[in-house]
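Engineer: Read off the chains here:
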Amino acid sequence: MNPVYKRCVILAAAVSLISSSCTKTEYVVNPNAPTQESVLKNASRVQINQLGVGVQSVVRNGLFSFYTWSGSIGRETVYFAQTESRYYRELQGEIPLDPAGIMYDWYNSYNQTRRRAELLLRSATETNSITDGEKKAVEGFAKTIQAYAMLNCLNMMGEVGVRTSFSDLNVPGDLLKPGCFNSYSQSLDYVKKLADDGLAALDVAGSTDFPFTMVAGWTGFATPADFKKFNRAVAARVAMYREDWLGMETALSGSFLSLNGNLKTGPYMQFSTTANDAVNPMWRSAENNSTPMLVQVNFVDEAETGDKRVFGASVPANGEAKVRMRTTPSAPPDYPLMTHEVQMYATNVSPISIIRNEELVLMYAEAKLQQDDLAAAVSTLDIIRQAYGLQVLAIARPAVIGNKVLLIDELLNQRRYSLFMEGHRWFDMRRYDKLDELPLDKPEHHVYTNFVKPQQEVDWDATNPCQ
Amino acid sequence: MRKFKGFLMPMLLALLCPVVLWAQVSVSGTILDSKNSPVTGASVRLRNSTIGTSTDATGRFSLNIPSNSGQLEISSVGFKSQTITLGTIEVANMSIKLEEDAGKLDEVVVTGLATNVKRRNLANAVATVSSKELAGTAPAQTLDAALNGKIPGAYINSNSGAPGGGISVRLRGVTSIFGNTQPLYVVDGVFIDNSSTPAGLNTVTQAAAAGNPANQDNPSNRISDIRPEDIESIEILKGASASAIYGSKAAAGVVIIATKRGKQGVTRFNISQDLGFVKPRKLLGARPLTEQRVIDQEWNVEEYRAAVAAGKIYDYEKEIYGETGFTRNTNFSMTGGSDKTTFYFSAAQKDEEGIVKYTGYRNSSLRLNVDHRITDNIKVGFTSNYINSSSDRSLTQNDNAGVTLGVALSSTPSFTELHPNSVGEYPDNRYAASNPIQTRDLVTNNEKVNRFIFGINLDAILYKSPKSVTRVVGRGGVDYYGLKTNAQFPSTLQFQEVAKGTSIQGFANNLNTNYIISLVNNWNPSDNLGLTTSLGMTQEKHEFDNLLNTATQVISGQTNVDQAGALTPVQFRTKNKDDGFFIQEEATLHDAITLTGGVRFDKSTNNGDPDKYYAYPKASVSWNLSRLGLGENNLFDNLKVRAAYGEAGNFPAYGSKFTAFIINNIDGLPGSIVDRIRGNAAIEPERQTEFEAGLDFTILNNRLSVEFSWYNKVVKDFLLQRTVPPSSGFALEWVNAGDLRNRGIEIGLNALVISKPNVKWNTTVNFWKNRSEVTKLVIPPTVLGAFGNTLGTFRIEEGASATQIVGIDEGSGGLAVKLGDQEPDFQMNFWNEVNFFKNFTLRFLIHWKQRGDNLNLTELLTDLGGTSHDYDDDKNANRIPDGIDRINQLGVTARPFVQEAGYVKLREIALYYNFKVGWKNIRGIRLGVSANNYAVHTDYKSYDPEVSNFGSGFSTGVEVMPYPSSKRATFHISVDF
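Protein chains in written order, with the UniProt record's numbering: chain A, 1 to 467; chain B, 1 to 977.
There may be inaccurate statements among the hints.
To be verified - One-sided and incomplete, this derived list gives chain B residues near chain A with beta-carbon spacing under 7 Å: (1) A731; (2) L732; (3) L864.
In short, the hints are calculated from the structure, not lab data.
From a predicted model like this one, the values you see are computed outputs, not experimental measurements.
Positions of the beta carbon are idealized from the N, C-alpha and C atoms, including for glycine.
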């Protein structure tokens, strides 16, 4: 080989190899988003703030399927999606629930919220940019949110329960060691502990502020001290499902219960049409035909005359009725025609209540009723009745006065109309063992007791036994 | 500048190095076949030099060479090569006859990054597609469509009939599940981007709701930009045993495209014009209605009676999908050059309407390919191509909002009025969320591409002796495009009541740069031994930046995204850099035994460890028994056995090593939350190993050649976005999940059936079949790619076919069982060319796909909407309409959706007539008529068995209200002067 060429080539090869041997960082970082590694250790105050806002934003996740699916099985609504018949065929029990199907958004979302709250907590724990008091405030917030989300998840799963632990996902191979599914009551104990641990941490945080902005929906609950009232409201719900009536009353006393206060008081989920925000998923335009939420016929038929929650102007029309009569009734094939549609929100950015005084009042009535203080229960139920234009029980339904069994029915009925399409009816009927009283639109329908374990969880347990 | 040094230095140094010049001798002649017809496009080269040309339409060539010595090599595909020793013969006006060769044994096939061998010595079954096969019969709209049915071993599937392409190409089975399944396209040495950029239609269609995040926007893929008419030939390396030298990009195969080059001699021009039309290949038809049916359906019977009385019963399917679209394609090309510089120039425009009003495809292209010999030893080539393409694709496919044409049609009965009134107002559709006539007329869904591809080729002989030649070969280039997606949904649309007008505008910039520099030494120590050594280095860089703006509440009549009440931007960027080097040794003994060994080392910033090199070895042997070993034999003109082994890789998907935090805002504040997809810092590339063995022979005096291949292809550590238990708080995680195997056979047959003075009939028949199996899976069976067990889905499961379709079934207890397989039993094609009465040419291509299942959810939607044409049939005689029978099976079994999708298609047929014109300037005129897809036999019930709701990835064959496919008829005229 000609020596000149040889030198040329060797030189060229050497230059090229050197220039390509080290990898420049511009190719190694993710240009699209921050990564977990960048926030878990030594997060800055700004990062903690953004993670905290992030958790507040995901409290909304899973809401649509939680409300709509539980509302469908609880016979509050028939979700007549034009292009997806499984939303009514499966939920109304005409065909089996598909563990690998499309019904588990709430399950995924609530478990993700648990994980996201945990990552906030971990980032807060492993940084020096916030004070110890603020760390406790974060812990109280994170655990309360976890309790709220996992209670919703657990109620959908019923006796199947939830995984009450999941190993630390930052250890290699960790994903293969999931905690076990525990029974409904064991899982409830787990949720109770989350709420109680949250309260304890909030107590330690004292008058410290949260190291992140609390968005406007949490007005009145935006400091650790005030947030405890929300924590106790969640704890009251847990106690109700545990049938711990005294505990329920105690929790309510620490909450924002106000028997004579505004029934609408409470934290709200906010929505907007701005970028990367969410719109109210429950909102439907009037007379919607593509994905209408139709009202199961008995809901209107069985309402007491004059009940403003059913009759009169609907919420979008500045009234209080949660349902609106359609111009064109609608129904899936062979269903009774449904004349009404769910109309609870004025616009697609209207807020949705997380938990409000009205529910606390109803829980108070139940606590009193179950502890056999029937008079207190009646007077509390009357607060609700009168608020919606109904006569007090002594006049409207004298037979129930003094009769605990009938009063329980009355309580469930008030819960049915006050908490319509907010994730209660199905569970109320289940905890009082009355699922067989729910109406069926077609004889081949069936009321499910709970959702089945998602296929992914079954598959995972099959290869990676829980521990 | 530093980063360019590696590329430019060797080139510059090579150019500056001194060379010697010789005196010139002119050689000219005509190349003829055995019937004395001229052979066009035959290559004439001076051995061991860069000097060469090719023959024109009359078979003539002329060439200047340094001295009257050396050897001229004459070759043309389909003919045996000839070598003519100069020095003693007359070099002006030579007449050279070539012998036909059905086995194409002398075809030169590229086997390395800078080296090639003759097919006679090839160890792999490399498929080639010539320009005649590609665009010479009945030209398809786009390049990818033009390949369909022409590549043995390939499963090519058109995603829909929407103008502008969108096709999935799988070579030898499914090679990846979540990695790239599409082959690498290399055009003149430039690595071409073939991605699909969604237009963000999901905001409107909500197709990805209900737990299915996959893109269902039906974008085209970018290889469709390249004009088939500019292509000289295509070689397809179908698996790792052939493509290993492309390393970590080659697991899905490599498609090597060579565009047309200039020819030395007088400047020649060609103008060709195609005119034609497209029509729907098949429409499903409307359901005949009666009053009772309207009542049963709970439709408005008053409206029905009124419509019947007024005679206003419509066939909306035909109105929407039944347009006849006009097509035109104009091509101007010019070629010529001196002995030093040759060029090929083309300017072309194609404009085709679709079968839906306001849809269509337009492609304008300019190409200039220039080759220049700096000295007798140094040759450079430049290719440049500018493309402007635009496709209007309307709104089709799956949606969950009732807005696409098909979904709206599925629930719209024939008696309701959808047409605009006298002042142009469209009535709301009472039976669906949208009025499809209004949607068709007012919605825009356009993709516009401006693309520039520039390639450089350098071939320099560094050192030359009688026994050894050392060359440096550099190839590389740039592929850049800007893509604009524009989707407009004006506020007057029925379904824009909430969003009040939506404008979605996306901008994507894509830049690929790559180079390959190699040093190649040919050494012939004796007549019986040839050694080719090559070593080199490669680099590929890729940058993609997509900004998608979705504006809602758009000011009436405006499209600008800032004239809007709300604006949501999304940006997605990728950037990666891959470096590699390779060494390869080829040895030829007695021009009969060829041994090849090589290895490529690659690293990539996409891998978990960006600095780790992965090695991809290859080795092959071919033994031509008829040349060595078998002795003189009367039966076989040529007999070869061959075996090849190679490994290739497939990068992890971009970003798979990161666990990202995504943004989720509330109350005007930015919130940061961890994504549902968990990254994997230890992610590794997939590795494919392929062993291929084959036997090729030619008999009957070279008139029949047979090629038989068997392959076993194992994908190790295939990448999967596995579902993790949702209780972990994540939905998916990237893993190297297991191993997957594809085995198959390919049998090819080329025959010169008739060779008479008046009739010459060439035929090619190919048979190929592939079977896949997931041989190892370290995670639980994973369901993916469709809509869940109730409607049927794909499931990756150890011991099962990778493309099996599962679903619930009667008696399965709600569990999913296997119901079908997307993989065809086998495929065959028949390509024929008949030349008769000198000037007539008839060509046709039949493509047969035997079985293979689709998931047809179109039928389910029309059943649920009560509009299926056969809703009231009672084929099973149970006195229940079939439509209701089928609905009743929903939730019981997914079997009705799994439908056999085999077909026999007369894909292309054309008749051409060549005029020999004696006029002064016109050398020839060619007239022709052609048709595509006019005859199709299939049992598949919907529009076309070729369909894919999810685009070109793993899950093809899922159908949800596609843009129906079309058939084409075209008239051609072409003039040479």
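Engineer: For the hint on A731 (chain B), does the least C-beta distance to chain A fall short of 7 Å?
Structural biologist: holds (6 Å)
Engineer: Less than 7 Å between beta-carbons is the criterion; does L732 (chain B) satisfy it with respect to chain A?
Structural biologist: violated (10 Å)
Engineer: Interface hint check: L864 (chain B), Cβ to nearest Cβ on chain A, cutoff 7 Å. Holds or violated?
Structural biologist: Result: holds, 6 Å to nearest chain A Cβ.
Hint compliance for this structure: hint 2 is the single one not met.
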